[in-house]
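Chemist: Here's the letter readout for the chains.
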Amino acid sequence: MLELNTPESTYQEPDYNPAGIRNFMNLVRTTLNDHGVEHIQFNTLNKETLVDAQAHPEKYPTLMVRVAGYSVYFTDLGRRVQDDVISRTEHRF
Amino acid sequence: MTDSAVKEVGSRLGMEWRDGKSAEVGSTRRIQQLNRLLHANRPSVDIHRTRCFTKVFQATEGEPYIRRRYKACAETYRTLEPVIYDHEQLAGWQGKRIRCEQINIEMHADWLEGDLDQMRVRQFDPFEIDDADLQELREVHIPYWRDKTLTAVWAKQVPHPVKMVSSGIADCVNYLGSAGSHFIPDYAALLSTGYKGAYDRVQEGLANVDPTNPADIGKRDFHLGLIEVLEAVKTLAENYAAKARELAAAEEHPERKAELLEMARIMDWVPWNPARTFREAIQTVWLTEMLLSIEGAGPSLTYGRFDQYMLPYYEKDIAESRLTREQAMELIEEMYIKTTNIPWFQSSQLAYYFGGYYRFPHLGVGGLNKLGRDASNELSYLCLRAMRHVRTTGPTVSLYLHQKTPDELLLEAAKLSVEGMGHPSYFDVETYSRMLEYRGAGLQGKSPYTREQILELGSPLGCVEPGVAGLQYGHTDSGIVNMGAVVSLALNNGVKPAGLPGWGPGEQAGPQTGDPATFSTYEAFHDAVLEQLAYAIREVHAHMIVAEKIIAEQHQIPLFTILSTGCIEKGVDVAAGGAYCNIGPTIQCVGLADMANSMAAVKKVVYDEGSVTMDALRKALETDFADDEELRLKLRNAPKYGNNDDYADDIAAEVFQYFADVVRSLRCYRGNYADAAIQMVQANVGFGEMTWATPSGRHAMRPLADTMSAEQQTDVHGPTAASLSYGKLNYSAFTNGTLLNMWISRSELAKVINN
Numbered sequence: 000m001l002e003l004n005t006p007e008s009t010y011q012e013p014d015y016n017p018a019g020i021r022n023f024m025n026l027v028r029t030t031l032n033d034h035g036v037e038h039i040q041f042n043t044l045n046k047e048t049l050v051d052a053q054a055h056p057e058k059y060p061t062l063m064v065r066v067a068g069y070s071v072y073f074t075d076l077g078r079r080v081q082d083d084v085i086s087r088t089e090h091r092f
Numbered sequence: 000m001t002d003s004a005v006k007e008v009g010s011r012l013g014m015e016w017r018d019g020k021s022a023e024v025g026s027t028r029r030i031q032q033l034n035r036l037l038h039a040n041r042p043s044v045d046i047h048r049t050r051c052f053t054k055v056f057q058a059t060e061g062e063p064y065i066r067r068r069y070k071a072c073a074e075t076y077r078t079l080e081p082v083i084y085d086h087e088q089l090a091g092w093q094g095k096r097i098r099c100e101q102i103n104i105e106m107h108a109d110w111l112e113g114d115l116d117q118m119r120v121r122q123f124d125p126f127e128i129d130d131a132d133l134q135e136l137r138e139v140h141i142p143y144w145r146d147k148t149l150t151a152v153w154a155k156q157v158p159h160p161v162k163m164v165s166s167g168i169a170d171c172v173n174y175l176g177s178a179g180s181h182f183i184p185d186y187a188a189l190l191s192t193g194y195k196g197a198y199d200r201v202q203e204g205l206a207n208v209d210p211t212n213p214a215d216i217g218k219r220d221f222h223l224g225l226i227e228v229l230e231a232v233k234t235l236a237e238n239y240a241a242k243a244r245e246l247a248a249a250e251e252h253p254e255r256k257a258e259l260l261e262m263a264r265i266m267d268w269v270p271w272n273p274a275r276t277f278r279e280a281i282q283t284v285w286l287t288e289m290l291l292s293i294e295g296a297g298p299s300l301t302y303g304r305f306d307q308y309m310l311p312y313y314e315k316d317i318a319e320s321r322l323t324r325e326q327a328m329e330l331i332e333e334m335y336i337k338t339t340n341i342p343w344f345q346s347s348q349l350a351y352y353f354g355g356y357y358r359f360p361h362l363g364v365g366g367l368n369k370l371g372r373d374a375s376n377e378l379s380y381l382c383l384r385a386m387r388h389v390r391t392t393g394p395t396v397s398l399y400l401h402q403k404t405p406d407e408l409l410l411e412a413a414k415l416s417v418e419g420m421g422h423p424s425y426f427d428v429e430t431y432s433r434m435l436e437y438r439g440a441g442l443q444g445k446s447p448y449t450r451e452q453i454l455e456l457g458s459p460l461g462c463v464e465p466g467v468a469g470l471q472y473g474h475t476d477s478g479i480v481n482m483g484a485v486v487s488l489a490l491n492n493g494v495k496p497a498g499l500p501g502w503g504p505g506e507q508a509g510p511q512t513g514d515p516a517t518f519s520t521y522e523a524f525h526d527a528v529l530e531q532l533a534y535a536i537r538e539v540h541a542h543m544i545v546a547e548k549i550i551a552e553q554h555q556i557p558l559f560t561i562l563s564t565g566c567i568e569k570g571v572d573v574a575a576g577g578a579y580c581n582i583g584p585t586i587q588c589v590g591l592a593d594m595a596n597s598m599a600a601v602k603k604v605v606y607d608e609g610s611v612t613m614d615a616l617r618k619a620l621e622t623d624f625a626d627d628e629e630l631r632l633k634l635r636n637a638p639k640y641g642n643n644d645d646y647a648d649d650i651a652a653e654v655f656q657y658f659a660d661v662v663r664s665l666r667c668y669r670g671n672y673a674d675a676a677i678q679m680v681q682a683n684v685g686f687g688e689m690t691w692a693t694p695s696g697r698h699a700m701r702p703l704a705d706t707m708s709a710e711q712q713t714d715v716h717g718p719t720a721a722s723l724s725y726g727k728l729n730y731s732a733f734t735n736g737t738l739l740n741m742w743i744s745r746s747e748l749a750k751v752i753n754n
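Residue numbers (numbering that gives the first Met the number 0), protein chains in the order written: chain G, 0 to 92; chain X, 0 to 754.
Worth double-checking, as some hints may not be accurate.
[Stated by the list, open to error] Mimicking SDA-like on lysine to any residue, the simulated pairs with C-alpha atoms at most 20 Å apart in a straight line are:
id, chain 1, residue 1, chain 2, residue 2
1, G, 46, X, 750
2, G, 58, X, 191
3, G, 58, X, 11
4, G, 58, X, 21
5, X, 233, X, 191
6, X, 403, G, 1
[As the list claims (entries may be wrong)] From the structure, some residues in chain X lie toward chain G, with a derived Cβ separation under 8 Å:
id, residue
7, 27
8, 172
9, 352
10, 416
11, 419
12, 427
13, 739
14, 749
Since the hints were made in silico from the structure, they are not lab data.
If you're wondering where the values come from, they're calculated on a predicted model, not measured in any experiment.
For each residue, glycine too, the CB sits at the ideal point set by N, CA and C.
Just chain G, with the same shape it has in the complex:
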């Protein structure tokens, strides 16, 4: 990986699940390079987070989701659009 020296940064790397990351990379490769699908994008939150964000939006001002083709703050979405995002299928490997 590219090593960068960013002592002032606010970024903290999460504790990755290496097997899950490997599955994810394989899914992307297969869907695109093998099956020839043009494009794929992902939401990678837990559903409970979104449900909680609807109930307590003030706790999640910077929570972002992928609607379709773009990312947006969850709070900024209309209720019907939020419901639609939540209603999608949350896949597990």
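Chain X: place on chain G using the hints.
Modeler: For chain X alone, kept in the frame of chain G given last:
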């Protein structure tokens, strides 16, 4: 479904909560401060452009449209107020404040009047506006422009204007409000010559105009207009340099003073001259993106292959120790912040569905070079990494994936995915390249693009639409056909079900394809659906090509023209067909899964099993399954697209292909053929509200399936099965792109929540 405890927030409250500490993220303190600035400022409206347009148009009544448009644009740039905030390294704001939108009055005046009062307080995407500006808009600009907008002029020329913006079956409302959009400039060319290079070519073109040649009529206006626009861009940069010097003179901190003087030195040189350093190059790119956002009303002004055209400047600076990786990433983060600052100005009605001000900028990395070798480099990693630090909604960052793309770069992208922001998008290089080979070329033809052009300059633009930098122009987000509503029409002999909102409930909206009770075979039902589909496609196309003609004649866009390869040499504005490859208006569909699942359910339950009659099905649908939950569950349990089950997937693949074939047989105003797409962001919600119950077992007015994804909660066999289903569609036929959403649970990817 609605839980009263759930609070509807909207961007107005959301912004208040994001103000302050929570927004201070980024790789350096400078970026953290700039990010805070982004969030501390409410989007606002600047009427500078509007004022310039009204002034020029009123002074030039009766003169050729192209002359008036170019003059108005030049006036806008020449007199744009230079604004520089603390901490900034890159110069350029599109308005007098941060997050400011320059209203394209000639696009929006017709709806603006009704929305003006609530503009500041509306729940979704409110805009601040000064009282004096509001009054001036109401008294001066709206009265002058309201019957001159694209929508207003178009409505007088087409047979069914109201149906085409509100029927929920097929519409083009988004297209009518956003001319000047969907474009990737050839940044490599611009960086190598600066705007001065274009200026020299325009002067040469002017010298070659032959006033005795009928083909050259109007070309003098074209060239003189572009000269004025280019000189205005030069003046704008000079104004910025002067402003930076003025601020430097008053600055007490020596470090900031030096930064401002450096900014002034850079603006003295670019964007007029060729860039010499990474810093000069990124400044040219940003200023151009900003200017295009002022000139055009529409979305998807795309950076394209940033890691390719910026690489020579990056490598040279690194080799000569003028720049560190971290400094390069800081500049990229600043560009992301500024990009996110360009809001999209829409009506209250559209803002509900497209909330978040997002204007679909797009930047991608990876892919192949023109020799077909892996093109990834250190900048590819920096662009992805920058987003992990800066966490902005824009631009859409993408990875162009090929079998040759190193796993290490895919891992870098995957780590960005884990952040949960929805970044990045992933694209298959070979598939979008194949789409480009057939783009705009109809069912038999090939596009003018060579493989080399595609590999070197090709990339998605907007969300997913294949484009080629500098070589392609056209609106890629134009007409939309609702496949769910089409199924309803086939079940109602072409009549839009009563009880739905918008144009024409109970009206004959499509052809009379027969009483479904008379469909003795699945094929008869199937044929009725396809006939309704073809009719909806043709009807919206017929309305859009009229708009395309009006755009060509009255909505010229000089900077897009300057940045399009060959337009200056041809002497033709890019909106009038000057591009190397013209595309659009395009037609996309929403509700693919709803149509496929509906047809599969009818085939299974009515014709294969014979457990219910077509008439009984129609009656159950009429009442939205009020008395027949049992039938609804039976339909729900029929095969569904997205589970690697050929029963449903074959139907999806067939209607997908049929849709593309009908679209691609249609000729457009600028000579190209239409292209098919399935990409329309959250149109599934709005169009769902205008769609009655469907035989897929979906209730009336519920959302349709999003884009080309499986229907919500029906893809029950895991991501691999879903991926196999998606692999059965013929992507080469969808020459304007396909958008696929998938949700992978966070707990699969990381052990702790990092927010």
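Chemist: Determine for every hint whether it applies to the structure shown.
Modeler: Right, here's what the structure says about each hint:
no.	hint	verdict
1	G:46 to X:750	holds, 15 Å
2	G:58 to X:191	violated, 48 Å
3	G:58 to X:11	holds, 16 Å
4	G:58 to X:21	holds, 11 Å
5	X:233 to X:191	holds, 16 Å
6	X:403 to G:1	holds, 19 Å
7	27	holds, 5 Å
8	172	violated, 17 Å
9	352	holds, 7 Å
10	416	holds, 5 Å
11	419	holds, 5 Å
12	427	holds, 4 Å
13	739	holds, 5 Å
14	749	holds, 4 Å
Violated hints, in rising order: 2, 8; the structure is consistent with all others.
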